[in-house]
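S.K.: Kindly generate the complete structure, drawing on both the sequences and the hints.
Chain by chain, the residues:
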Amino acid sequence: MTTSSATDAPRPTTAPRPIARPRPRAPRRPHTPGRPRRSVLLTVLTGVVLLYSLVPLLWLVISATKTQQGLARSFGLWFDGDFALWDNITETFTYQDGVFGRWLLNTLLYVVVGAGGATLLAVLGGYALAKFDFPGKRAVFAVVIGAVAVPTTALAVPTFLMFSKLGLTDTPWAIIVPSLISPFGLYLMWVFATEAIPAELMEAARIDGASELRTFFQVALPLLAPGTVTVLLFTTVATWNNYFLPLIMLKDPDWYPLTLGLDAWNKQAATAGGEAVFNLVVTGSLLTIVPLIAAFLLLQKYWQSGLAAGSVKE
Amino acid sequence: MSKYSRRLLRGLGLVCVLALGATACGSDGDSSDQKRVDAADIRAALKEGGTVTVWAWEPTLKQVAADFEKKYPKVDIKLVNAGTNNDQYKALQNAISAKKGVPDVAQIEYYALGQYALTKSVTDLTAYGADKLAGSYSPGPWHAVRSGDGVYGLPMDSGPMALFYNKKVFDRYEIAVPTTWDEYVEAARKLHKANPKAYITSDVGDAGLTTSLLWQAGSRPYKVDGTTVGIDFTDAGAKKYAETWQKLIDEKLVSPVVGWSDDWYKGLGDGSIATLPIGAWMPANFASGVKNAAGDWRVAPLPQWTKGQSVSAENGGSSLALPALGKNKELAYAFVEYANSGAGVRTRVENGAFPATTKDLNAASFQDTAFPYFGGQKANKIFAESAKNVPADWTYLPYQVYANSIFNDTVGKAYVSDKKLADGLDAWREASAKYGSEQGFTVEK
Numbered sequence: 001m002t003t004s005s006a007t008d009a010p011r012p013t014t015a016p017r018p019i020a021r022p023r024p025r026a027p028r029r030p031h032t033p034g035r036p037r038r039s040v041l042l043t044v045l046t047g048v049v050l051l052y053s054l055v056p057l058l059w060l061v062i063s064a065t066k067t068q069q070g071l072a073r074s075f076g077l078w079f080d081g082d083f084a085l086w087d088n089i090t091e092t093f094t095y096q097d098g099v100f101g102r103w104l105l106n107t108l109l110y111v112v113v114g115a116g117g118a119t120l121l122a123v124l125g126g127y128a129l130a131k132f133d134f135p136g137k138r139a140v141f142a143v144v145i146g147a148v149a150v151p152t153t154a155l156a157v158p159t160f161l162m163f164s165k166l167g168l169t170d171t172p173w174a175i176i177v178p179s180l181i182s183p184f185g186l187y188l189m190w191v192f193a194t195e196a197i198p199a200e201l202m203e204a205a206r207i208d209g210a211s212e213l214r215t216f217f218q219v220a221l222p223l224l225a226p227g228t229v230t231v232l233l234f235t236t237v238a239t240w241n242n243y244f245l246p247l248i249m250l251k252d253p254d255w256y257p258l259t260l261g262l263d264a265w266n267k268q269a270a271t272a273g274g275e276a277v278f279n280l281v282v283t284g285s286l287l288t289i290v291p292l293i294a295a296f297l298l299l300q301k302y303w304q305s306g307l308a309a310g311s312v313k314e
Numbered sequence: 001m002s003k004y005s006r007r008l009l010r011g012l013g014l015v016c017v018l019a020l021g022a023t024a025c026g027s028d029g030d031s032s033d034q035k036r037v038d039a040a041d042i043r044a045a046l047k048e049g050g051t052v053t054v055w056a057w058e059p060t061l062k063q064v065a066a067d068f069e070k071k072y073p074k075v076d077i078k079l080v081n082a083g084t085n086n087d088q089y090k091a092l093q094n095a096i097s098a099k100k101g102v103p104d105v106a107q108i109e110y111y112a113l114g115q116y117a118l119t120k121s122v123t124d125l126t127a128y129g130a131d132k133l134a135g136s137y138s139p140g141p142w143h144a145v146r147s148g149d150g151v152y153g154l155p156m157d158s159g160p161m162a163l164f165y166n167k168k169v170f171d172r173y174e175i176a177v178p179t180t181w182d183e184y185v186e187a188a189r190k191l192h193k194a195n196p197k198a199y200i201t202s203d204v205g206d207a208g209l210t211t212s213l214l215w216q217a218g219s220r221p222y223k224v225d226g227t228t229v230g231i232d233f234t235d236a237g238a239k240k241y242a243e244t245w246q247k248l249i250d251e252k253l254v255s256p257v258v259g260w261s262d263d264w265y266k267g268l269g270d271g272s273i274a275t276l277p278i279g280a281w282m283p284a285n286f287a288s289g290v291k292n293a294a295g296d297w298r299v300a301p302l303p304q305w306t307k308g309q310s311v312s313a314e315n316g317g318s319s320l321a322l323p324a325l326g327k328n329k330e331l332a333y334a335f336v337e338y339a340n341s342g343a344g345v346r347t348r349v350e351n352g353a354f355p356a357t358t359k360d361l362n363a364a365s366f367q368d369t370a371f372p373y374f375g376g377q378k379a380n381k382i383f384a385e386s387a388k389n390v391p392a393d394w395t396y397l398p399y400q401v402y403a404n405s406i407f408n409d410t411v412g413k414a415y416v417s418d419k420k421l422a423d424g425l426d427a428w429r430e431a432s433a434k435y436g437s438e439q440g441f442t443v444e445k
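Those protein sequence lines, which keep their order, are chains H and F.
For the first sequence, the UniProt record's numbering gives the first residue as 1, with consecutive numbering after it.
For the second sequence, the UniProt record's numbering gives the first residue as 1, with consecutive numbering after it.
Just so you know, the hints here were simulated from the structure itself, not pulled from any lab data.
Some hints could be false.
[As the list claims (entries may be wrong)] Reference excerpt, derived from the structure (chain H facing chain F, CB under 8 Å, subset only):
hint: 1; residue: Arg-73
hint: 2; residue: Ser-74
hint: 3; residue: Asp-87
hint: 4; residue: Thr-169
hint: 5; residue: Thr-171
hint: 6; residue: Pro-172
hint: 7; residue: Ala-264
hint: 8; residue: Ala-269
hint: 9; residue: Ala-270
hint: 10; residue: Thr-271
hint: 11; residue: Ala-272
hint: 12; residue: Glu-275
hint: 13; residue: Ala-276
hint: 14; residue: Phe-278
hint: 15; residue: Lys-301
Cβ coordinates follow ideal geometry from the N, Cα and C atoms, glycine included.
M.R.: Written out as structure tokens, the structure reads:
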């Protein structure tokens, strides 16, 4: 962690140090991150895994350039004669009066409000649990750890029944409200806040006369940024990919997220008189993962430093 | 009811509408099953306007709804695709159980309608005069929407069966188009021998196809009388079916591709699936899903179990029904009648649907339609002939949706193991009977 080591560094260490650090022998170079040891086996394995994860993506990109007929007649991993990517994209956005755009906006709404809200709650809760003592803290810990283990899919049906009683099914709230809770995010923020915010810093802020709110916003929050981004990414991906919850909550296609909408298009092919639009399903899928890839690339550096938090004891 | 009192009622209804607005007219929610609703009530409701929520996946309904709204500007048709067949039935059942969010109109397939009728989850439409439409539908679909004296939906489309075959493939290997199921097995052998990658059809066990073929073979496995049901797959028709289909399975003559998947569409396109015995609604799916094989396919009458006969069966097809908990019953019925019996039928036929109304089936413009996809063939003639040849006495179980859902666990085993089709059917009977008893039906042994 860069931030905590920066504050740790100037302090004189009084702890007994080992007399002599075992130095690597001269001819052999140390395995520093800059020069890792090469292993053929490891390289091959990594290559296989890379290929394994890239081939479906490659298939998706290539298939998105094909027409409906092209999909049926050509080899999956190479291009067909007609290059129809732009036509497919235009048709995806105009098919059925442009309902795809509506699904995209719905998904964005669920992600911004749901995942954003979940991140906010996780940051607030994690900070409080990490830095304040109160009765029942251990019980909260147990509940959070327990909640991490319960898959959201298993809770979907009880949630549906509850929301049905409240009259919230078939409204966007049915997707947003359950998305606001992220036990794993809370746990991550809790652990992160414990490591990332030195108690001394908070004490210093308090001695300087800062209120609790000011301490949180001006001292703690900047230090929590990498963790916040990590949690934001996790919740964004979870909400973006959410399928089962919207499936049972929503009937009105106007409120569908992309996952349900694409599924509906896919199922059209299995309907008497329905139109098979596999090319649009494929193109739509590609368009659906683009924002996620963009989010990962943009937030990557925060995310990486966030994951490593607390992994090295200083 | 005498003419006089009917007129009086009509007058009263009108006064009521004028004075209070349609919804304020007391009794229309509770006991409307018994109350007669006549044309004037419906006209009044149309004038008053309102919203009708329709759960349907049938694509041609979109245009019908738009036309209807244009004709009756105060009516708003909210067309919702709540999933296809099983998905929608689940959603509908949930909504009915929760007594919340029940649509005013729901598309329900013929095989599934019985269970809604039996539980009175859908409105008996005789009160709306639907029984008078008896003569205007072909016998198969009409029989399917009736239960006892009630009419529980209006037939939307029908699926008289025909044999779709890839002429290019048949020509290349010089195979004659089969007219009987024995010839069909012969053709399957010949084709697979000539090209080991080609199969006569694809089948991994499909309850809809099996029940349709049993229907055609003269088997009547289900007997339903109120809450008493009988299940039996041992009659002569069922035997014929099981023996013939067993040959196809044993000799691996059917492709193990799952129906309606992209692989299936691919197989229909590249000739590796050479025929489809299926309902007459299939041309639209061919045109949109198998574009690259345009011109290769033709339509022939369904192969017969006995040479020289011309017996057919229905495969698929659905009705529009009014869920009992729906609102705006008059408006809902007006829409259903428009879509399935009135002007909407023409619109739907023009958009590729296959009608259930005899008038439209027999219309010259319908029968003379040349299908460019089928090389200019006037395929509707074959379909319309098939519709006439459907025996009307077929009955599904009152819980056929459940029975079909366990088809692959029972009969499906015959496709993937040494188990015989006949044993599979017996296992299906047993499981269906057990479920029936658990649900409170009297199951005859």
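S.K.: Each hint should be assessed against the structure and marked as holding or not.
M.R.: Taking the hints in turn, this is what the structure says about them:
no.	hint	verdict
1	Arg-73	6 Å, holds
2	Ser-74	10 Å, violated
3	Asp-87	14 Å, violated
4	Thr-169	7 Å, holds
5	Thr-171	11 Å, violated
6	Pro-172	15 Å, violated
7	Ala-264	6 Å, holds
8	Ala-269	6 Å, holds
9	Ala-270	4 Å, holds
10	Thr-271	5 Å, holds
11	Ala-272	4 Å, holds
12	Glu-275	4 Å, holds
13	Ala-276	3 Å, holds
14	Phe-278	5 Å, holds
15	Lys-301	39 Å, violated
Against the hints set out earlier in the document, violations occur for numbers 2, 3, 5, 6 and 15.
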